[in-house]
Amino acid sequence: MSFKISASSFFQVNPLQTEVLYNKALELARIKNNETVVDAYCGIGTIALFFAHQAKQVIGVEVIA
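Here this note's numbering is used: position 47 in the sequence shown is 53, and no number is missing along the way.
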């Protein structure tokens with residue numbers, strides 16, 4: 007995956023370790039292809055996008071005060 011982000015966006019600075027972290031989260035979540043995943047406080051949505059191929063539907067929610 008590649009992303010175009012603004013300078014003020016939060017983004018993991020170590021893409022190799024980010025992939026390891028997200029793969030571990032995906033493994034522990036045990037998502038089935040008929041489930042909906044909600045990514046609360048998703049930011050730019052990297053985790054939601056990473057999980058999207060595994061779930062039926064992914065919903066990202068972000069709140070900015």
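To be clear, the hints were calculated from the coordinates, so they are not data collected in a lab. We treat Cβ as the ideally placed atom computed from N, Cα and C, and that holds for glycine. Incorrect hints may have been included.
What the hints assert, rightly or not - Straight-line C-alpha distance at most 30 Å; calculated DSSO-like pairs for lysine-lysine:
#: 1; residue 1: 62; residue 2: 10
#: 2; residue 1: 30; residue 2: 10
#: 3; residue 1: 62; residue 2: 30
#: 4; residue 1: 38; residue 2: 62
As the list claims (entries may be wrong) - Computed Cβ-Cβ distance ranges for the label pairs, DEER-style:
#: 5; residue 1: 41; residue 2: 14; range: 28 to 34 Å
#: 6; residue 1: 39; residue 2: 70; range: 17 to 23 Å
#: 7; residue 1: 23; residue 2: 68; range: 29 to 35 Å
#: 8; residue 1: 14; residue 2: 62; range: 14 to 20 Å
#: 9; residue 1: 39; residue 2: 13; range: 18 to 24 Å
#: 10; residue 1: 70; residue 2: 36; range: 16 to 22 Å
Going down the list of hints, with the structure as the test:
1. Restraint check: the Cα-Cα separation between residue 62 and residue 10 comes to about 25 Å, which is no more than 30 Å; the hinted pair holds.
2. With a C-alpha separation of about 25 Å, the suggested pairing of residue 30 with residue 10 holds against the 30 Å cut-off.
3. Of the supplied pair hints, the one linking residue 62 and residue 30 holds, its CA atoms being roughly 19 Å apart against a limit of 30 Å.
4. Distance hint between residue 38 and residue 62 is fulfilled; the C-alpha atoms sit about 8 Å from each other, no more than 30 Å.
5. Between residue 41 and residue 14 the Cβ separation comes to about 33 Å, which falls inside the hinted range of 28 to 34 Å.
6. For residue 39 paired with residue 70, a C-beta distance near 31 Å fails the hint of 17 to 23 Å.
7. A beta carbon spacing of about 23 Å between residue 23 and residue 68 contradicts the range 29 to 35 Å that was offered as a hint.
8. Checked against the hint of 14 to 20 Å, the pair residue 14 and residue 62 fails, with Cβ atoms roughly 32 Å apart.
9. Checked against the hint of 18 to 24 Å, the C-beta distance between residue 39 and residue 13 comes to roughly 37 Å, which is inconsistent with it.
10. Judged by the Cβ atoms, the range 16 to 22 Å given for residue 70 and residue 36 is violated: they are separated by roughly 31 Å.
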